[in-house]
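*Asks:* Starting from the known structure of chain A, arrange chain B on it as the hints suggest.
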Amino acid sequence: MTHKVKHTIDNPSQIHAMLIDGVITPCQALAMFSELDTHKIPLGRSNEEESLEDIMKELDQLIGLSKVKDLVKEIQAFAQIQKKRQEAKLLTEPQVLHMIFKGNPGTGKTTVARLLGKMFKHMGILQRGHTVEVERADLVGEYIGHTAQKTRDQIKKALGGILFIDEAYSLGRGGEKDFGKEAIDTLVKAMEDYKDNLIVILAGYKDEMERFLQINPGLRSRFPIQIEFNDYSVNELMQIANMMVEKRQYKFSPEALIKFETILQNRKNDINYDKLGNARLVRNMIEKALRRQALRLVNQKVISREDLLQIKPEDISEV
Amino acid sequence: MKQCTIIGKTNVGKTLFLINFAEYLGLKSLDINFAFNEGSEKFKNFSCKNAISNLVDENPHKTRCIQSMTLDFPMGKGKKKIKLVDTAGFIDGIHPDLEVRKAISQTLSIIRDSDIILHIIDAYAAKKQDLPSSMGEVDYQIAQFAQLKRGYAILANKMDLAGAEEGLKKIKEEFSGHVIFPISALYKRGFKEVKTFVARNI
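Taken in sequence, the protein lines are chains A and B.
Per the numbering used here, the first sequence starts with residue 1, numbered consecutively.
Per the numbering used here, the second sequence starts with residue 320, numbered consecutively.
To be clear, the hints were calculated from the coordinates, so they are not data collected in a lab.
Every value quoted in this text rests on a predicted model; they were computed, and no experiment measured them.
Be careful, since some hints might not be right.
[Unchecked claim] FRET-style restraints, in silico, Cβ to Cβ:
no. : chain 1 : residue 1 : chain 2 : residue 2 : range
1   : A       : N11       : B       : K511      : 39 to 45 Å
2   : A       : E58       : B       : R469      : 30 to 36 Å
3   : A       : E58       : B       : Q466      : 36 to 42 Å
4   : B       : Q466      : A       : K157      : 35 to 41 Å
5   : B       : K398      : A       : N11       : 50 to 56 Å
6   : A       : K83       : B       : A518      : 41 to 47 Å
7   : B       : R431      : A       : E53       : 35 to 41 Å
[As the list claims (entries may be wrong)] Partial chain B-side listing against chain A, Cβ under 7 Å, derived:
no. : residue
8   : S424
9   : Q460
10  : A462
Where is the CB? At the ideal position from N, CA and C, for every residue including glycine.
One chain only, chain A, in its complex shape:
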C-alpha cells in the first residue's frame, strides 16, 4: 500500500492528514517526506515532460519536411558519438548549430524550431531547450545605444535554448544608418560568446533571406545549417487538414473533404498565396469551419453525437 501511496502524494498536507488519521506510521510519513523533498524538482517535471521518443514521434508526424527529419537524425547521431568519444577521452568539438530557415509562412518553421529546442535538451545539447520567438521590434530600439541593450536582453532570455528570429531579413533593411545592423552585430558577438549554450535561428521568406545574406556576407558562414521549407502540395495540405481535425476530435464528411480540397486548389493560384497560404491557411479554414458548425448546431433541438463530430460542406468557407 505504501508503495502505491508514495507515488500519488505530491503535497505535504496529504501526508499530515494520513498521519493524523492513523493511516500511516510516522516512519512512513518521514519516508514520504524524504521522497518529496529529495525528488521535488525531478518529480514535478517528469509528469509533464515528454520523452525524447515522444518528441521524435511528434516530428515524424509532421507532414513533409523530410530535410528537417534527416538533419535531426544527423545531429542526434553526432551528439551520441560525441558522448562516446568523450568517454574514450577523445577530442570533442561542440557543434555550431545556428540555422537559417527559409520558407513561406505556414510551412512549419516555428513548429520545427520549438520541437528542436525540446529535442536538443534531451540530447544534452541545450540546457533548457525553450524557444524565445522574437522579431525586429523586439531587438531594435529607437535611440542610439538602445538596440544593443535590447538585443542583449533577448539573448539573455534565450540562453540555454533557442533564439528564433522571425522575419530576420527585416534587420537588414533600411540601409547603413538603420539600427538593425547594430542588432546583427550584437547577435553575432553573442553567438560566439555563448556558442555552447545558445542556438540562433533566423527565419523568413526565401528570397528576402537570400538578399539579406548577400548584404551581410559574414552571416552566411556563421549559420552552417540552412533549411528550405517548401510550400506544401494540396495533397500534403489535405493530410495536414485531416490530422488537425482528428486532433480536435472532429471529422469531415466525404462531401466536405471535396469542398475543402477545391478551395485549397483555388487558393493555390491566388496572388497572395505565399503570404497566407500553406498550413496556416488550413488551420484558419478549419477553425472557421468549427465555428460555423457550432452555429449550425446551436439552434438544432436534438443534437446527436454524430452531429457533434461531423463537419459538413456547408460549414466550410473561405477565410
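*Replies:* Leaving out everything else, chain B in the frame of chain A:
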C-alpha cells in the same frame, strides 16, 4: 533566525536536553513558548529547575506540543539569536491516541522548516528491544530525511547509565557517516561538542 530542532523517539530525553542545554548556554530562566496543534500558543517562564520538574518525567509522550525558546547563542565574541525547538517524540507504529498523532504531525512540519536537527537516540536502550525509547525503524528514517539538512547530528543520550557504551558502539555502527556525539542530558556531559556543532552551522 535559524531554527534548531530536537527530535527523536519518545522518552529519549529531548525536553531534558533542551532545558539543560539552555542552562549550559547561560540562561538563568527559560521563556518557553508552547505551540499547540490546534494553533494556539502560550508563553510561560520557568526557572531551569522548575522547568525540569514540570516538563520532564519518565512516562512516554510527556511532550505533546512544540516547546520552543529563542536564545542568544554565544558565537566567538558575539552572539546570534536562534530558536531552539523541542518536539513530541516519534514512535515506530501508529499511536492509538489522536492527540499524539497530531503532535507527531506537528513535529514533522517543524522538522521540514528547521536548519539544524539534533536527533537524540537513547544509547542505554539502543541494545534493548522492548523499551519505548529503543532504537527503531523511525530512527533510520529520520537519519535518511534529516541528511538533506545542512546541520544534522545524532546525540547518543544517557551515556551516564551503565551499558550505554555498548549502545553507543551500536549507534556508531548503524549510523556510520553521520555526526554522532555521546552526551548525558542529565549531567550536561558532551554539551561542549554539541555547542560547537550548532555554532558552526548557524
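*Asks:* Are the hints correct? Go through all of them and say.
*Replies:* To see whether the hints hold, each was checked on the structure:
1. A:N11 x B:K511: 39 to 45 Å: Holds, at about 41 Å.
2. A:E58 x B:R469: 30 to 36 Å: violated (42 Å)
3. A:E58 x B:Q466: 36 to 42 Å: For B:Q466 against A:E58, whose Cβ atoms are near 40 Å apart, the range 36 to 42 Å holds.
4. B:Q466 x A:K157: 35 to 41 Å: At roughly 37 Å between Cβ atoms, A:K157 and B:Q466 fall inside 35 to 41 Å, so the hint holds.
5. B:K398 x A:N11: 50 to 56 Å: The hint (50 to 56 Å, Cβ to Cβ) is violated, given that B:K398 and A:N11 are roughly 38 Å apart.
6. A:K83 x B:A518: 41 to 47 Å: Hint holds: Cβ distance 46 Å, inside 41 to 47 Å.
7. B:R431 x A:E53: 35 to 41 Å: 36 Å Cβ-Cβ, so the 35 to 41 Å window holds.
8. S424: holds (5 Å)
9. Q460: Holds, about 4 Å.
10. A462: violated (10 Å)
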